[in-house]
Amino acid sequence: MINALKHLRPFLGFVVLLVVWQVGVRLANFPEYILPAPTVILARLWATRNEQLYHLFVATGFTTVVGLALALVVGVLMALAVVYIKPLKAMIMPLLAAFNSIPKIAVAPLLVIWFGLGAETKIVLAFLLSVFPIFVNSITGLGEIEADVLDLSRLSGGTPWRIFLKVRLINAVPYITDALRIAFPLALVGSIVGEFIAGNVGAGYLVLSGQFNLDTPLVFAALLCITLFATLGITLIGLLENHFVTWKHSTRRR
Amino acid sequence: MVTIEGLKKSFGEVTAIGDMSFNVANHEFLSIVGPSGCGKSTALRVIAGLTEPTAGKVLVRGAEVRGPIKDVGMVFQAPVLLPWRSVLTNVLFPIEMRGERRSKYQAKALELIKLAGLEGFENHAPYQLSGGMQQRVAICRALVSSPQLLLMDEPFGALDIMTRERMGFELQKIWSVGRQTVIFVTHSITEAVLLSDTIVVMSGRPGTIKKIVKVDLPRPRLASMMKDPRFVELAADVRDQIDAQWVE
Ligand SMILES: Nc1ncnc2c1ncn2[C@@H]1O[C@H](COP(=O)(O)OP(=O)(O)OP(=O)(O)O)[C@@H](O)[C@H]1O
Ligand SMILES: [Mg+2]
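Going down the list, the sequences are from chains S and H.
If you're matching positions, the first sequence starts at 0 in numbering that gives the first Met the number 0 and goes up one per residue.
If you're matching positions, the second sequence starts at 0 in numbering that gives the first Met the number 0 and goes up one per residue.
By construction, these hints were calculated from the structure, which means they are not laboratory data.
Heads up, some of the hints might be wrong.
Stated by the list, open to error - For the chain H half of the interface with chain S, some residues (derived, Cβ under 7 Å), not all of them: (1) Ala47; (2) Leu49; (3) Pro67; (4) Val71; (5) Met73; (6) Val79; (7) Trp83; (8) Pro93; (9) Glu95; (10) Met96.
A virtual CB, placed ideally from N, CA and C, is assigned to each residue, including glycine.
Take these sequences, add in the hints, and give me the full structure.
Rendered as structure tokens:
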């Protein structure tokens with residue numbers, strides 16, 4: 000029972016916020032198109048639920064997850080290249096750092112020219128936004144192994160492949176899950192920005208169409224869906240991490 | 000087993016080891032003592048083939064060392080355990096690195112863990128162990144493949160005096176059965192006299208050999224022997240070599 004209450008605690012803040020919001024809007028008598036009350040938003044959400052789910056999962060969720068998956072694969076592979084081919088690091092890092100300082104969102108129109116109005120543009124945007132943190136963290140996770148551990152492995156007859164599998168890769172897992180926690184919301188931003196500028200699907204598109212029609216409750220309803228989706232994703236990553244990574248948190252605890 | 004000839008090692012400007020030559024016979028227990036920074040760890044790393052010497056050479060089993068040597072157990076100054084592995088799988092780590100099946104050495108590993116007084120902790124993670132227990136895991140790990148050569152870099156350095164003494168006797172017991180060739184770095188003169196056949200006393204940086212002391216005490220060495228006049232004499236001899244450096 001006490002445990003159940005403990006799990007409810009994170010939700011308490013939301014409840015307080017919602018109550019204040021609801022009462023505040025009513026008292027201040029805000030027009031609905033400025034700030035709708037939570038109940039109005041929920042009603043709009045319920046009315047548009049099928050639409051919302053469709054846009055969220057068929058478009059936004061799909062492009063986010065695909066973009067993130069691509070970023071994971073490419074980010075880790077690039078990190079591997081940099082870790083194993085030392086001269087590459089000096090060559091590639093300044094380039095990537097420069098590249099990363101370009102605001103990717105500003106590149107979005109260019110991507111539309113290259114990849115069109117469909118899912119590809121959003122996937123590429125999601126990928127571009129999320130690949131860098133994964134790449135950087137993977138370099139640390141794969142590359143920064145205690146020198147003594149590597150010496151020990153070599154003395155025991157460890158081949159580079161075995162050292163990769165049993166030391167580097169496992170060492171990198173918590174770094175990668177950490178990176179995913181940052182990269183997932185970034186990928187989501189990429190998808191939504193893509194939807195803002197091109198096409199007519201996705202949660203971003205719903206937000207935009209709400210804005211066009213001055214349907215502010217719809218804007219909020221879509222935002223709520225996006226937030227729930229982001230929370231869902233981060234929770235999943237956290238669950239994965241708890242399942243696979245028992246050691247990093249343990250050492251932190253000490 | 001190990002021959003070191005005119006070994007010199009510099010790191011850029013810094014000369015860690017000035018000149019070092021000695022032999023380690025098969026089954027010999029040899030200790031290296033000397034002030035901090037005189038190149039003891041470096042010497043072990045060169046012997047293991049983890050670092051190249053600047054000059055001179057090292058022969059292990061008659062062959063000149065080029066690259067990491069085989070059939071060796073190494074204990075570092077720190078435990079160096081993999082945090083994601085349990086005590087048991089940490090002990091079995093070298094077996095996996097050799098590409099052999101873990102199960103083949105499971106019994107051996109469990110036996111070592113028991114010997115090290117870690118029974119019941121086989122499935123614990125390193126963070127659940129004290130520093131001394133972690134170091135004992137590292138020693139088990141060095142022994143798991145039954146190597147004939149052991150390189151130990153202050154394996155008991157992080158332990159409290161009581162545990163340290165007990166571990167010393169445990170090591171003597173293991174050695175008296177396994178008869179490994181041991182090169183053992185320590186700061187403790189008592190420990191060196193208690194465990195060794197030979198003690199190499201080094202000078203401060205750049206490290207050179209001050210004296211090689213043969214310990215002619217009978218074995219097994221017991222705690223009571225520490226009061227033995229010969230023991231005291233040998234310990235004083237080693238101490239004089241080290242103290243003299245502070246005067247110089
Ligand atoms: N990788 C390295 N790069 C540069 N200098 C090094 C390196 N390793 C050791 N040294 C230097 O070599 C000298 C000897 O170091 P070493 O670790 O062998 O000393 P030590 O005798 O083991 O000391 P301690 O008893 O404190 O462990 C030191 O002055 C150290 O600064
Ligand atoms: Mg040292």
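Fill in: Contradicted hints - numbers only
none
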